[in-house]
Amino acid sequence: MHNVIVVGSGAAGVAAALELSQCRIRPLVLDVGEPAHPPGDVHDNFYDYKRGHDTYEMTIGRDLQGLSNLLTDREVPVKLTAPYIDYVTRNAHTLSPIDEVDFCAIQSFASGGLANAWGAGLYRYTDHDLEGFPIQPGDLDPYFEKLTEEIGICGEADDLEGDFSSTLGLLPPLELSRNITRFYDAYRRRKHREIRIGRARVGALSGARNARPAYAYRSLDFFQESTAVYSPRYTLDRLSFENRIEHRTSLLVKRWREHDGAVTVEARDTVTGEQCTFEAKKLLIAAGAINTSKIVLQSHDDYETVLPLLENPALQFPIVLPKLIGSALDVTAFGLVQLNLVWDSQTYGMRLQGSIMDITAPNRAEFFASLPYSARANLALIRTLLPSMLVMQLFFPASSQPVTHISLQANGHLRIVGHPNTLDLRKLGPLLRYLRRLGAWTFGRLLVRVPAGHSVHYAGTLPMHESGGRYRCTPDGRLGGTENVFIADSASFSRLTAKNMSFAMMANAMRIAHGVAKEVKNR
Amino acid sequence: MQNSPSPRTDSTVEPQHPDRGAARIYAAVFRQTIPEMILERFVQAATVLDRRTSDEERVLYDHALKRIGDLEALELAARYTHRVPALSDRFRLMVYIVETDPDHQHYYVGSQTGFVGGLLSMVGGGFQTTVKLIKGWFLLKRLGSA
Ligand SMILES: Cc1cc2nc3c(=O)[nH]c(=O)nc-3n(C[C@H](O)[C@H](O)[C@H](O)COP(=O)(O)OP(=O)(O)OC[C@H]3O[C@@H](n4cnc5c(N)ncnc54)[C@H](O)[C@@H]3O)c2cc1C
Numbered sequence: 041m042h043n044v045i046v047v048g049s050g051a052a053g054v055a056a057a058l059e060l061s062q063c064r065i066r067p068l069v070l071d072v073g074e075p076a077h078p079p080g081d082v083h084d085n086f087y088d089y090k091r092g093h094d095t096y097e098m099t100i101g102r103d104l105q106g107l108s109n110l111l112t113d114r115e116v117p118v119k120l121t122a123p124y125i126d127y128v129t130r131n132a133h134t135l136s137p138i139d140e141v142d143f144c145a146i147q148s149f150a151s152g153g154l155a156n157a158w159g160a161g162l163y164r165y166t167d168h169d170l171e172g173f174p175i176q177p178g179d180l181d182p183y184f185e186k187l188t189e190e191i192g193i194c195g196e197a198d199d200l201e202g203d204f205s206s207t208l209g210l211l212p213p214l215e216l217s218r219n220i221t222r223f224y225d226a227y228r229r230r231k232h233r234e235i236r237i238g239r240a241r242v243g244a245l246s247g248a249r250n251a252r253p254a255y256a257y258r259s260l261d262f263f264q265e266s267t268a269v270y271s272p273r274y275t276l277d278r279l280s281f282e283n284r285i286e287h288r289t290s291l292l293v294k295r296w297r298e299h300d301g302a303v304t305v306e307a308r309d310t311v312t313g314e315q316c317t318f319e320a321k322k323l324l325i326a327a328g329a330i331n332t333s334k335i336v337l338q339s340h341d342d343y344e345t346v347l348p349l350l351e352n353p354a355l356q357f358p359i360v361l362p363k364l365i366g367s368a369l370d371v372t373a374f375g376l377v378q379l380n381l382v383w384d385s386q387t388y389g390m391r392l393q394g395s396i397m398d399i400t401a402p403n404r405a406e407f408f409a410s411l412p413y414s415a416r417a418n419l420a421l422i423r424t425l426l427p428s429m430l431v432m433q434l435f436f437p438a439s440s441q442p443v444t445h446i447s448l449q450a451n452g453h454l455r456i457v458g459h460p461n462t463l464d465l466r467k468l469g470p471l472l473r474y475l476r477r478l479g480a481w482t483f484g485r486l487l488v489r490v491p492a493g494h495s496v497h498y499a500g501t502l503p504m505h506e507s508g509g510r511y512r513c514t515p516d517g518r519l520g521g522t523e524n525v526f527i528a529d530s531a532s533f534s535r536l537t538a539k540n541m542s543f544a545m546m547a548n549a550m551r552i553a554h555g556v557a558k559e560v561k562n563r
Numbered sequence: 137m138q139n140s141p142s143p144r145t146d147s148t149v150e151p152q153h154p155d156r157g158a159a160r161i162y163a164a165v166f167r168q169t170i171p172e173m174i175l176e177r178f179v180q181a182a183t184v185l186d187r188r189t190s191d192e193e194r195v196l197y198d199h200a201l202k203r204i205g206d207l208e209a210l211e212l213a214a215r216y217t218h219r220v221p222a223l224s225d226r227f228r229l230m231v232y233i234v235e236t237d238p239d240h241q242h243y244y245v246g247s248q249t250g251f252v253g254g255l256l257s258m259v260g261g262g263f264q265t266t267v268k269l270i271k272g273w274f275l276l277k278r279l280g281s282a
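Top line first, the protein sequences correspond to chains A and B. Count the first sequence with the numbering used here and you get residues 41 to 563, in order. Count the second sequence with the numbering used here and you get residues 137 to 282, in order.
Wrong hints could be hidden among the right ones.
Listed next, with one range per pair, are the computed distances between beta-carbon atoms [what the hints assert, rightly or not]: (1) 270(B) with 486(A): 47 to 53 Å; (2) 466(A) with 262(B): 26 to 32 Å; (3) 97(A) with 193(B): 28 to 34 Å.
Here chain B is said to cover these stretches of chain A; the calculated rule only asks that three of the stretch's residues, wherever they fall, bring their Cβ under 8 Å from a Cβ of chain B [to be verified]: (4) 416-425; (5) 498-504.
No lab work stands behind these hints: they were computed from the structure. Bear in mind the structure is a predicted one, so any value in this text is a computation, not a measurement. Note that the Cβ used here is the ideal one computed from N, Cα and C, for glycine as well.
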């Protein structure tokens, strides 16, 4: 019998496995584990490379993955369409079909999970974010510190220190691109009562570390993996290599049964189709909020209960810096989040968080359809206007929209019923006016309501509660009604503020794993 | 693969002249004869698009290829009025595919023109767009009555 089984090797599962291994427990990690593609071999700046090489296979791919948003009805975040990253969502809808209404669920069955494609914006939860949770920020702090060391996170003390908390252990920030520098300088000259802007906390290396290279500013962020940007897969591989975990792949976990103080986990081998069972003293489920709920509902044979599913509604809009119109494209811009904005909005009556990015990384063609001119003139706009642009993604707390619901149907499919994104754009007024004062323009027509599901921050299906309860967790992560089953991912979140939640989820997974390790040792 | 394109509707109408559409659209955007490699790639992807295009849309698209000279103007008006999405989708497709070709990079990434140069280019584009839009509306009417 194993001491502990962890289901899932995404950000949460890996964080839990890391903590268990540090507590000298060697967990069995069960996962479907779609493997990543071999690393790419472009070493030039992508824009130089494109002038000398055909990039069809890199950007569109033999299976036309890069065109999937145009060729299929199912639109997904652009980064997920790149051929190098298709393994992240490979087979997802075959392995776990979902009937969706007004929701687009993004699932991963890859080793490392969705985080292989993430923006790596990693933020500590503070008092504000943990309101309504039965735990305190102090409970997560030791794990934030361990994770900061493991991942390598850039950032600095600035106006967002109060929102993002301690800067302990942060690496020096990455270089800002030309456009972002100009924007940030304008902010520092004209601050705002409600709006704070500062450097993003990103899991990317500004200097080489533990065999990972420093980020190289080559505009490849959307088309080739760089180990400078952290993926939990790296920790997983290391722990596996060092024999501190047992990692078994090609296993789709179906359910568990508790008996005599132990847990039996039933899984299907995705290659042979055979059923297998594994036994452990404790089970930690970290299959992503959606699939964790599925495993829980399947284990209860429950085709009736409807669980809540929290997600961050979001808006996206381009920002033009008019003074930079006609400048050359800054081909060395960091392609993920460079700045964050926190807005204590009186109009919305809540705290919102924005991510500000350069738009150098995606294909230029990605912008063609949203520009207003005729085809040839749009190409000219791509050359003259795009180099002066940034993009902002503004995240809202889950509570700003009606709750989405998730349930299991008798045919084994999940059903998710969401709501169209109806965020009120008029209330953005103060933010847009402030941006204009900073010399940064956006236009109402260009505001996009991000489709429900696309923020990919899913949580709260089995929320933590002081006293636990059916389909709830106790503060130590134990699932109500069970003795030895724990929920280690964001399914156990009680609430979802506008802050990207993965870092807090990882710290919480470690906290729960730590408690589980203690229980195992005390037994 | 979750993101792999799959057909939306089965249709009994055979897709017509994908290579003819390719040549016309390429010429409308790039004012040249379409290179063989781009033609092949366009046809491959357009075949997938064809399968998810309704019969009605396909008929309109075929009519547009046969009867309308200025496809760029038609596409602009169609885009603004949400008509003939099959045409706008194929323009988009072409722009994606052409970007993968090293010889076409100058269409996507320009050198510095300076603020005035950039502004003039944008104003010129706005003027060109207005003219095309007016023309496109007439073409759209003609297509509708065909
Ligand atoms: C484009 C993009 C950008 C993002 N940017 C950010 C960001 O900047 N900041 C941030 O905080 N978050 C971001 N996110 C969200 C973040 O990636 C996710 O919140 C996080 O990765 C979720 O991790 P997880 O471990 O809960 O689940 P997942 O990543 O979904 O991993 C689930 C794991 O469980 C396994 N699994 C699932 N079901 C089963 C089963 N039945 N049996 C066996 N194994 C199973 C899977 O194989 C996988 O290994 C982003 C996401 C995307 C797609």
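Would you pick out the hints that fail for this structure and give their numbers low to high? Hints 1, 5 contradicted; others consistent.
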